[in-house]
Amino acid sequence: MKYLMTTAAVLCASAAWAETPVLKVYTYDSFVSDWGPGPAVEAAFEETCACDLQLIGAGDGAALLARIKLEGARSEADVVLGLDTNLTAAAKETGLFAPHSVAAEFTLPIEWSDDTFAPFDWGYFAFVHNADMDVPANFRDLADSDLKIAIQDPRSSTPGLGLLMWVKAAYGDDAPAMWSDLSDNVLTVTKGWSESYGLFLEGEADMVLSYTTSPAYHLIAEEDAGKAAAPFDEGHYMQVEVAGKLANSDQPELADSFMAFMVSDAFQSIIPTTNWMYPAVTPASGLPDGFETLITPAKALLLSPEDAAAARDGALAEWRDALAQ
Amino acid sequence: MARRTGSVSGPTAAGTVVALILAALVAVLSRADWPVVFGAADWAVLRFTVWQATLSALFSVAFAVPVARALARRRFAGRGLLVTLLGAPFILPVIVAVLGLLAVFGRAGWVSQGLGWVDLPPLSIYGLTGVVMAHVFFNMPLATRLILQGWQTIPAEQFRLVGQLGLSPAVVFRTLEWPVLRQVVPGALALVFVICLTSFAVALTLGGGPRATTLELAIYQAFRFDFNLGRAAILSLVQLTVAGGAAVIALWILPPIVLQTGRDRPVQRWDARGLWPLDAMWIGLAAGFLLLPLGAVVVSGMIGLGQMPSSVWSSTWTSLWVATLSAGLLIALALPIAAWLAQARWGGAEALTLLGLAASPLMIGTGWFILIYPWAAPVRFALPVTALVNAMMALPFAVRILLPAMRQVFADYGRLSAGLGLHGLDLWRIVLLPRIRPQLGFAAGLGAALSVGDLGVVTLFADPEVATLPLQMYRLMGSYQTNAASGAALILLGLAFGMFWLCDAWGRRHVAG
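Protein chains in written order, with this note's numbering: chain A, 577 to 901; chain B, 1074 to 1586.
Incorrect hints may appear among the rest.
According to the in silico footprint, chain B covers these stretches of chain A (three or more CB under 8 Å from chain B) [said to hold, decoys possible]:
#, segment
1, 603-616
2, 644-657
3, 726-733
4, 799-811
Keep in mind that the hints were calculated from the coordinates and are not lab data.
For each residue, glycine too, the CB sits at the ideal point set by N, CA and C.
Please construct the entire structure, taking both the sequences and the accompanying hints into account.
See below:
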């Protein structure tokens, strides 16, 4: 009886929804949380699309890609939002993604030419610290200091992988030596960003690997000007977060219009104070008050997706060997 | 001749668990690319994993024995509450417990601040010390409870006898306590070893760097970053083999079982009257070590309570029913298995139940995702699968808890029941269940609490609309909502502890009465 009722309920419900197209977007967990961009993005897009936008959280950026690979060509996802350029080469290799049709004046510090993935936000990795502290000016100073840093594991976390690429992009073949000099500064390596940031807020670590935009959260949401990011003169590695359309989407037009919406002001103006990253296209209203206090790195570092993919395994081995001594 | 209770349902339940794990493993293997390399770095990972798990098991049990002994022979106000509170660390989500431990023992923790006042450098627990310390924090209470239950199987008459004879504590230990310890310690060691073997977040957060890499991280990396399913399956298999090997060794060194019969009288310890300062020290040490970090979690959680979004409450509801379902499944699996094993001459089959704990949740989750995906949307199965996996993880604990008591009942009442023609449901209702009620309550409570605190497979099957409480807490932490996350952690602690307390108190009411 119960099954009958459930089946009936499901049938009725699907009949009622039949006219409303559903767009399924896989994204990372913190995007869909109450405090993330998810709820506002969903409301804004549904106002214009006459559709049901379903944002589905699937772990972090790396987990997203694993999920898509697991589901393969039969995936119900129409759009994947939240990969970064360290993952896009592997994502493209799956052949599951279709070229995008997004045209926008991106306000990224670099040229954007990827035809499969379109950026929706970006940020610089940086070490965040309490503002009342003398900070090192580069990795060399940091290695020579007694400061303790909390970082993330490149094998389980996308910012952790970003740091690996940062040191690689800045030091090239000298990266292993830099890591072994840094090893006595590494308080600990955590599974993800949340754990590291928690350790930093608890006062365990002097600095934490995060983003130049992290202090904006404390300033705007908590009215606390006590956190800052340290500018490093080697330059800062970037994280560019992208979205891509799946080739097997059953709603290709809707997916395209979502991707177009993604670079519009309606979406982009939500990003800074919910995802705490820079919008990929600065909205007409500009950045929120408080963002002008953030540091602007003199030099933006970013390996191309192909170089990042090629460098990854070697850089991982160097990192592991240097820190395991 | 009547069939033995559990002789069919026991193997069936154990077989189900093994089949669920093997099906997942085969599913993962079916999607694998070959060949898979198990390199030098992997061997280093395996060595560290086994080494830290060995140390953690030894320290946890070595600390637990004197604490259990002290608790077994003392009666004091608040003892019941303390014994219940001892269950709390075990059920905390890892990150909450780690932050609690650091609030006390970290570089900026209470102890370090105290050291700072007398011009001493702060403590640094990062590295192997931190990993082992956190594992002792999680598992010592569990080992204490298991050993305590073993102690309580010594009939009161025997303690009365040694009291009358005026035997020294050393003789009492040799004649009464040592045989019991030999029964329970290997099982407790194996259990803690296997739990620590699959540890991932603790090893990373407190391990200090890539030196402290466990197999579970390698499995995680293989699934998440490399999407190398063959490698993930091989690593899972290695993990299962090591855990299975440890279980077999532990159960193999268990001595033959000799049960003693008493008349269920409350124990009074005439032999240990003069030793109370020693016992007070051990109890005080354990209480301080376990309760201070819990206190830190409570304090920071109170601050965050007001800042929680309403979604925390709907997650609480989700977690509540997943945990209830999980505890129900757990009991349904554990009772027949324990009844079956209790009558078996060789307890080796208990090793099978450890597989549920040794299997990587990510492997089980991925395997079942692959199996379900062609037929239905895995998201719909998110909560039942979570409940089932949680029940499987808790199964070895439940069986270990139930088994000694069950054996005792069969030894005491087995022949009488058979003589009276009691079997099937009547045997369960009249003879078995009333006598194992304390263990049943403890096991169900542990299962429910473990399920509340587990993040495990949820993330893979995550449904955007229904998040469990730990998932919600991680989402809050990932959105800078540290205070709200602390509040959610406190709710989580309250919920896990409340469910544990309800079940445990239900079980123990019988003993007190």
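Numbers of unmet hints, in rising order | 4
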